[in-house]
Amino acid sequence: MMAAHWNVTGDNQVKVAMKTQPGMMPLTNAHPDIWKNFKPNTDLKTGQRVIEMLNGAGIEAEADNQFDWMIDSEIVLVGMFGDKCPPTVIISQNAYWDPWFHARIGTAIRSLREEGYLIIGSGGGTHNLYRTEWHYALKYRDVFAMESPPDPTNLEFRQALQDVICKTGGGPELKRGLCRLMKHPYFRDAHGTDEHYVSACFVAGAIGEPEDRGAKGVLGAEVWELRSQCESQFSIGCWESVSSIKV
3 MMAAHWNVTG DNQVKVAMKT QPGMMPLTNA HPDIWKNFKP NTDLKTGQRV IEMLNGAGIE
63 AEADNQFDWM IDSEIVLVGM FGDKCPPTVI ISQNAYWDPW FHARIGTAIR SLREEGYLII
123 GSGGGTHNLY RTEWHYALKY RDVFAMESPP DPTNLEFRQA LQDVICKTGG GPELKRGLCR
183 LMKHPYFRDA HGTDEHYVSA CFVAGAIGEP EDRGAKGVLG AEVWELRSQC ESQFSIGCWE
243 SVSSIKV
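In the working numbering, the protein residues as written are 3 to 249.
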């Protein structure tokens, strides 16, 4: 998994979470019954493999034995698996947020898909905290209240994102399309900063080779919150073909 809140500096550098018993950040806006029994589950064996795979691809990856999990990864895992967290490897982003660099990270570990591993990029379809509206969240803890629709520029970028993923599917065209969206005229309206987008480029690298053409892209769920923040859940590829593999 690559999520949005863990970024490391330095050219060509990333880190891999390798703390045996990491702490976790409380999901403060969710009812405690949803997450109170969740326990982070670091996959140390696969984490070491990931470090070696990234190093073999020319990416300077190293272990971080002090990293505690944050909401960017926890929300996804709690939503998918409840309190039964599967063994998980978390890879940091690089703080320069080069889309092609993050696609290279995905390409370097793409062979894990053949072993039944699920590769996740956690971010946001649109995520510009400079333009979100907080008053209902602060007063009523209601992030979904909306007196007016999202800005047209956010709606347009969100549609462009869906078009690239769902009309393209897997293959090099997906990788090129998602990386190129960072030059979309409304990208900066939709993403005030880059960290909630480049995780998509990471996933595109993992399913962005010629043999991945034909893998279907699906928008499975979506919600708008804080007026301008779109949380879109896409899946690319078919789980059934590898679901019988014992990992």
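Everything labelled a hint here was simulated from the structure, so no lab data went into it.
Treat the hints loosely; a few may be bogus.
[What the hints assert, rightly or not] The list that follows gives simulated cross-link-like pairs (lysine-lysine, PhoX-like), each with its CA atoms no further than 20 angstroms apart:
id, residue 1, residue 2
1, Lys-47, Lys-86
2, Lys-141, Lys-169
3, Lys-185, Lys-218
4, Lys-218, Lys-141
5, Lys-141, Lys-86
6, Lys-21, Lys-41
7, Lys-86, Lys-21
Computed from a predicted model, the values in this text were never measured in an experiment.
*Run the structure past the numbered hints and jot down the numbers of the failing ones, going up.*
2, 3, 4, 5
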